[in-house]
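S.K.: Residue numbers (this note's numbering), protein chains in the order written: chain A, 1 to 135; chain B, 1001 to 1135; chain C, 2001 to 2135; chain D, 3001 to 3135.
Be aware that one or more of the hints could be misleading.
[Unchecked claim] With a cut-off of at most 16 Å between alpha-carbon atoms, the simulated EDC-like pairs for lysine to aspartate or glutamate come out as follows:
id: 1; chain 1: D; residue 1: 3119; chain 2: C; residue 2: 2026
id: 2; chain 1: B; residue 1: 1119; chain 2: A; residue 2: 128
id: 3; chain 1: C; residue 1: 2124; chain 2: D; residue 2: 3037
id: 4; chain 1: C; residue 1: 2112; chain 2: D; residue 2: 3081
id: 5; chain 1: C; residue 1: 2112; chain 2: D; residue 2: 3123
id: 6; chain 1: B; residue 1: 1112; chain 2: A; residue 2: 26
id: 7; chain 1: D; residue 1: 3112; chain 2: C; residue 2: 2111
id: 8; chain 1: D; residue 1: 3112; chain 2: C; residue 2: 2059
id: 9; chain 1: C; residue 1: 2126; chain 2: D; residue 2: 3081
id: 10; chain 1: D; residue 1: 3124; chain 2: C; residue 2: 2037
id: 11; chain 1: C; residue 1: 2079; chain 2: C; residue 2: 2099
id: 12; chain 1: A; residue 1: 124; chain 2: B; residue 2: 1071
id: 13; chain 1: B; residue 1: 1124; chain 2: A; residue 2: 26
[What the hints assert, rightly or not] One-sided and incomplete, this derived list gives chain B residues near chain C with beta-carbon spacing under 8 Å:
id: 14; residue: 1033
id: 15; residue: 1066
id: 16; residue: 1125
id: 17; residue: 1129
For the record, the hints were derived by calculation from the structure and aren't laboratory data.
Note that the coordinates shown come from a computational prediction; the quantities given were computed from them, not determined experimentally.
Just so you know, even glycine gets a beta-carbon here, dropped at the ideal spot from N, CA and C.
4 protein chains.
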Amino acid sequence: MSSFPSDPDAASGSASASATLDTLTELRALTRTFAAERDWGQFHTPKNLAMALSVEVAELVEHFQWLRTGELQELDQRKLEGIRHEMADVLLYLVQLADRTGVDLRAAALEKLRMNAEKYPVEKVKGDARKYDEY
Amino acid sequence: MSSFPSDPDAASGSASASATLDTLTELRALTRTFAAERDWGQFHTPKNLAMALSVEVAELVEHFQWLRTGELQELDQRKLEGIRHEMADVLLYLVQLADRTGVDLRAAALEKLRMNAEKYPVEKVKGDARKYDEY
Amino acid sequence: MSSFPSDPDAASGSASASATLDTLTELRALTRTFAAERDWGQFHTPKNLAMALSVEVAELVEHFQWLRTGELQELDQRKLEGIRHEMADVLLYLVQLADRTGVDLRAAALEKLRMNAEKYPVEKVKGDARKYDEY
Amino acid sequence: MSSFPSDPDAASGSASASATLDTLTELRALTRTFAAERDWGQFHTPKNLAMALSVEVAELVEHFQWLRTGELQELDQRKLEGIRHEMADVLLYLVQLADRTGVDLRAAALEKLRMNAEKYPVEKVKGDARKYDEY
């Protein structure tokens, strides 16, 4: 009934698929199918997807909230597994929101990196985490 | 001083680079360089990156907060541009958090899609957006 | 063992208590006792409390994420009860964060209302929800 | 034109008002007037208010995101002032959301504290911040 691959090997793509498809393009196709099969597109307005994204990020944050330092060594295997699942949810909603709003995530990220490089010149901000407008 | 490419063509990668590098791998390399040049790794604990991610998602949500329906046609060009930039920030922090925690985002997303397919079988949830545990 | 009132009437305060204690002051006292009895003060840094607050707000947001309009009539009794509990959590963490940072919530809110009144003059913004800096 | 008090003494209420009005009741009245004067009630669906609340909480979180420990002594006067303003915004939106959904915040908070006392018995959780469902 569902065209979603139940076989792990199938899901992670054949060698030829992973050679040709970028992950973001691959996930876009898979999430489109997933939502279409469930007739969930009707709920997926950009606004609702943005809210869902924020909820998933909070579930990620929850794993860190009572940690003393929040460094890697404070995360045990159980927490790491939970964090991994929540990061997946964040990426999946982000891909769907980009799809709905016609945003090319790769191009947007590369452009933002260039903007950040201008906003935070190395010689000015090295070792300093203050926001750029605090300078 | 900075090795970050200021030329758009350079930034989006040469043809050969984009043919071989997956976007997530490409962004991981670029964000590593960006943070290293600024000596910002010291601030990038997993906990802090998760917080920064949540702040960026909220800046995305802010664009939608007073919309009546939140559908695509309610977004003007100015809002779409803002949304695009915030989605870029979300992706960049997500990639950095995955890098710091050793998470393979693609594998995690594909696994989560399979888990979701089991949790929300098509025949059970079609056209219904209730959470799986409300059934 | 616990000094926390288990009797609803006791918890909501005797007539004389409610006559003299402002809710925010009352909740501050109760959350102090609650945390002290569990030795949880060690986890309650301002940063961690802010994170916990954001997680509770997301649990509140989750109830709304797939609604079409998000107006009151779309909320059934079950949702309203969930929303009520999450709003309580938000208030309880806010009170604790204010306590830890020495913030007088009432004075801060009244001051912010005055600042907002200046930023959004009635004659300028009536019926318009754009952010003040978009004018 | 606006009935909002511009005089600090007026805003914080006359002695008799503060003696009789609970802060939450006082803020409810002030936010009602504020929104009515601007005809903003049309934007204040419960869903939109919940989103706005989440955005304000993120602005609060932003002050903490790059701190090393997040303890009080790491907050300078400038950060404390910013934090104070954001906490005010959080409280103001929370009060408005409660007003729109008919929630009695004090009763809800007291009830939640009783529920939490049962969920986290002192003898079981003392000095341990794991979530109750991890036991």
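S.K.: Next, verify each hint and record whether it holds.
M.R.: Here is how each hint holds up against the structure:
no.	hint	verdict
1	D:3119 - C:2026	21 Å, violated
2	B:1119 - A:128	45 Å, violated
3	C:2124 - D:3037	11 Å, holds
4	C:2112 - D:3081	12 Å, holds
5	C:2112 - D:3123	42 Å, violated
6	B:1112 - A:26	14 Å, holds
7	D:3112 - C:2111	29 Å, violated
8	D:3112 - C:2059	15 Å, holds
9	C:2126 - D:3081	29 Å, violated
10	D:3124 - C:2037	11 Å, holds
11	C:2079 - C:2099	30 Å, violated
12	A:124 - B:1071	41 Å, violated
13	B:1124 - A:26	26 Å, violated
14	1033	28 Å, violated
15	1066	4 Å, holds
16	1125	12 Å, violated
17	1129	4 Å, holds
In summary, the numbered hints that this structure violates are 1, 2, 5, 7, 9, 11, 12, 13, 14 and 16.
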